[in-house]
Amino acid sequence: MFGLEKKDLNLLIIVALLTMLAPFILNPFPTDSALAQFNAGYPDLMQRFVIYGIFAIGFNILFGLTGYLSFGHAAFLGVGSYSAVWMFKLLSMNVLPALVLSVIIAGAFSWLIGFISLRRTGIYFSILTLAFAQMSFALAYSVLTPITNGETGLQITLDDPRILGMSATADGSIPVTNIFGLEMRAATDLVIGPWSFTFSVGYYLCALVMLVAFYLSIRIFRSPFGMMLRAIKSNQTRMNYTGLNPKPYTLAAFVISGMYAGLAGGLLACMDPLAGAERMQWTASGEVVLMTILGGAGTLIGPVLGAGMIKYFENIFSKINEATLHSWFDVLPDPMENGLVWVLEHFVGAGWHLTLGVIFMLVVTFLPGGLVEGGQRIGRLFNRTKAAKDDESAATKPAE
Amino acid sequence: MSKNNLTRRGVLKSGAGIGAGVALPTIFTASSAGAFTNEPTGNTVTLGFNVPQSGPYADEGADELRAYELAVEHLNGGGDGGMLNTFSSKVLDGTGILGKKVEYVTGDTQTKSDAARASAQSMIQKDGAIMITGGSSSGVAVAVQGLCQEAGVIFMAGLTHSNDTTGKDKKANGFRHFFNAYMSAAALAPVLKNLYGDDRKAYHLTADYTWGWTQQESIAAATEAMGWETVNNVLTPLAQTDFSSYIAPVLDSGADVLVLNHYGGNMVNSLTNAVQFGLRNKQVNGKNFEIVVPLFSRLMARGAGENIKGIVGSTNWHWSLQDEGSKAFVKSFGTKYGFPPSQAAHTCYVQTLLYADAVTRAKSFNPCDVVAALEGFEFDGMGNGPTLYRAEDHQCFKDVLVVKGKENPTSEFDLLEVVEVTPAAQVTYPADHPMFAGGNLGTCNPGA
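Protein chains in written order, with my numbering: chain G, 5 to 404; chain H, 5 to 452.
Keep in mind the hints are simulated off the structure, nothing from the lab.
Among the hints, a few may not be true.
[As the list claims (entries may be wrong)] Ranges of calculated distance between the beta carbons of each label pair, as one might list FRET restraints:
1) 201/H / 169/G: 47 to 57 Å
2) 427/H / 362/G: 47 to 57 Å
3) 243/H / 362/G: 42 to 52 Å
4) 196/G / 306/H: 50 to 60 Å
5) 89/H / 139/G: 30 to 40 Å
6) 196/G / 95/H: 30 to 40 Å
7) 184/G / 46/H: 32 to 42 Å
8) 326/G / 229/H: 22 to 32 Å
For every residue, glycine included, the Cβ atom is placed at its ideal position computed from N, Cα and C.
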């Protein structure tokens with residue numbers, strides 16, 4: 005079905021189930037319990053999971069298949085966001101034109117940068133993309149302030165033209181992003197006993213887009229084109245000798261992954277119509293590299309898992325403060341409680357980077373194939389017979 | 005052995021199952037929807053404190069958080085009550101807000117609009133916060149204020165000094181107690197004229213975002229009106245930490261005053277660079293070279309150390325003020341934390357009490373009732389003398405302090421001396437002033 009092998013189809017169905025049931029899966033703890041702190045099933049974070057999932061899936065098409073490590077992908081994410089917000093300002097608050105424009109602009113922009121950067125390989129390519137991304141950041145941050153509104157960030161206002169929509173609603177507020185009238189922030193709550201689950205339109209739109217993106221990525225991975233990209237990764241010189249020119253393939257992969265990034269950026273703006281220059285900063289480019297490697301570069305599902313993991317840490321661990329820690333360890337005697345809190349507070353709140361760093365280090369050291377390899381090892385532990393059947397294509401290889 | 009044959013029937017069945025599962029919640033919507041976003045139904049109410057815990061404004065953020073915790077303690081009847089005893093409105097009695105115990109959640113804005121909005125979103129969607137407050141950067145405050153307007157919760161701005169917060173980007177659900185760049189300029193200009201004369205040439209270094217822009221515009225307009233000339237204005241990135249390359253051209257420009265439109269860590273670094281370059285010992289155009297920092301705080305003064313001595317600027321509030329409200333606040337803050345509060349702490353503390361008071365007077369948590377209670381509200385006893393929350397733009401109007409770095413500080417906190425208290429009337433401007441034009445409050449949004 006869908007032109008997929010059974011194994012890939014199963015994977016797609018699993019991902020579809022996970023994304024569709026995410027509001028349940030991510031909210032395992034009752035709302036009033038102490039563990040509710042770890043619930044991640046609220047629309048904003050779920051949207052971030054799938055949006056950054058799209059970003060990482062696209063990045064993986066370039067990095068996982070061709071081995072070209074781009075350090076400038078955040079530039080395309082930012083360009084996508086700015087395009088989408090400009091569509092909201094000029095055309096209408098419907099998300100479709102915004103998404104289309106962000107993909108097109110990001111594609112054109114990545115073609116330009118890719119065309120120049122791909123003249124070099126390896127570290128030189130990485131540095132070139134990093135340089136371009138930082139240039140874009142600097143442009144967005146100060147030089148192009150009339151277009152990007154600089155550090156403050158581009159926002160929609162009451163006096164934007166919105167020629168196909170309306171500048172302001174009847175009660176004088178800014179209209180909200182919608183898809184043919186269905187508002188992105190519309191949500192319904194389902195209360196079952198002590199649990200509460202939120203289903204939002206915005207999340208399900210993002211999830212559907214991500215499923216399509218994921219499906220496309222499977223098709224690319226399994227296509228002759230994908231095979232060619234793998235050939236580039238394994239030995240580009242050999243490819244040259246056999247008379248194949250790798251440049252069009254790498255450029256195509258670069259543009260495709262740039263368009264994925266633009267789509268992610270556009271979706272970010274659709275969920276929250278604001279675009280800031282910091283989305284293009286090198287830290288954001290580094291983040292998607294971390295996501296891909298953490299999840300498992302070159303695997304289909306890895307980047308999505310990595311993206312989810314990093315966003316979870318950023319949004320959940322950074323919210324745990326000293327007071328929360330004290331309430332957890334209330335039962336312990338005071339000196340022990342204070343000691344434990346003193347140690348732990350460096351790993352939560354503003355110190356969430358530290359926790360993430362430790363986990364990243366452990367994963368790279370012990371699971372070079374990322375979280376996917378971890379999953380496979382656990383799977384093998386329970387099902388030895390199945391392990392023998394794992395075919396070549398699904399096996400993870402560390403990024404070269 | 006796993007053997008899943010995908011059949012048409014199987015797909016249809018599971019598809020229908022998922023469809024029914026997704027459609028199910030619509031049955032429950034009618035019962036669970038509140039009258040407004042995050043209507044508190046239990047015996048507690050949650051406030052969201054969204055402050056920078058990392059980045060150039062982290063010091064201010066940490067002090068803001070202390071003030072919020074103190075405010076919550078006082079609202080819940082703990083401690084010595086602080087400003088509750090001096091506040092002109094007497095409806096708060098230490099039993100929480102409308103009898104509900106106050107709880108809070110915190111978040112890190114990272115001084116980035118994106119991160120700040122994500123953090124605020126999670127407070128609103130996950131933690132059920134009914135009011136968001138904080139911010140130590142106008143860019144962030146403007147972004148979060150926009151979000152709160154959309155989501156239908158109240159935003160009580162913390163430290164934000166840009167004209168835009170209650171000007172071009174004002175929102176019906178957003179309120180600012182802190183003063184703004186225009187007020188700084190209006191208060192500073194006469195003092196600068198007395199100290200440095202009326203024929204100076206000023207060179208501006210400006211943080212490149214909404215606050216820097218509007219402050220530079222305000223200061224340039226006010227100083228030019230009294231005869232100064234603005235030689236140049238150079239925009240510097242917020243993330244900049246070394247300003248040497250920006251300081252060097254100042255000497256060659258013929259300017260004899262350097263205006264640093266920087267705040268927090270930025271200002272500490274740029275002032276230090278300027279002093280290292282020996283600017284303050286220079287004579288230009290036959291006059292002593294002077295440095296002006298229009299927005300000042302004690303935390304910055306401490307960061308800049310020796311370099312701050314004799315530098316003139318303006319501030320919203322200072323702990324050495326001797327009115328009853330300030331004394332009560334400094335006393336309870338000092339008792340709890342062991343040092344006096346900063347102006348950021350003061351404005352955040354006051355904002356929290358003002359919100360609680362407005363809810364209590366309105367007898368409702370509904371954002372629209374709170375907006376109505378705050379608009380045009382006049383109060384006293386909060387440290388700045390009689391204050392008005394103007395209905396047209398949700399900006400507080402009160403006295404502004406002009407301060408100077410002390411030559412002989414007696415302690416590590418006694419770094420600023422108050423030169424002049426500029427009365428509120430002198431810094432008040434019409435709501436349609438050109439520097440604040442282009443915005444529209446819109447209507448209050450109660451959400452859901």
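For each hint, the structure was consulted:
1. 201/H / 169/G: 47 to 57 Å: holds, 55 Å
2. 427/H / 362/G: 47 to 57 Å: holds, 56 Å
3. 243/H / 362/G: 42 to 52 Å: Between residue 243/H and residue 362/G, where Cβ atoms are some 26 Å apart, the hint is violated.
4. 196/G / 306/H: 50 to 60 Å: holds, 53 Å
5. 89/H / 139/G: 30 to 40 Å: violated, 57 Å
6. 196/G / 95/H: 30 to 40 Å: At 39 Å between Cβs, range holds.
7. 184/G / 46/H: 32 to 42 Å: At roughly 38 Å between Cβ atoms, residue 46/H and residue 184/G fall inside 32 to 42 Å, so the hint holds.
8. 326/G / 229/H: 22 to 32 Å: Check failed, 49 Å falls outside 22 to 32 Å.
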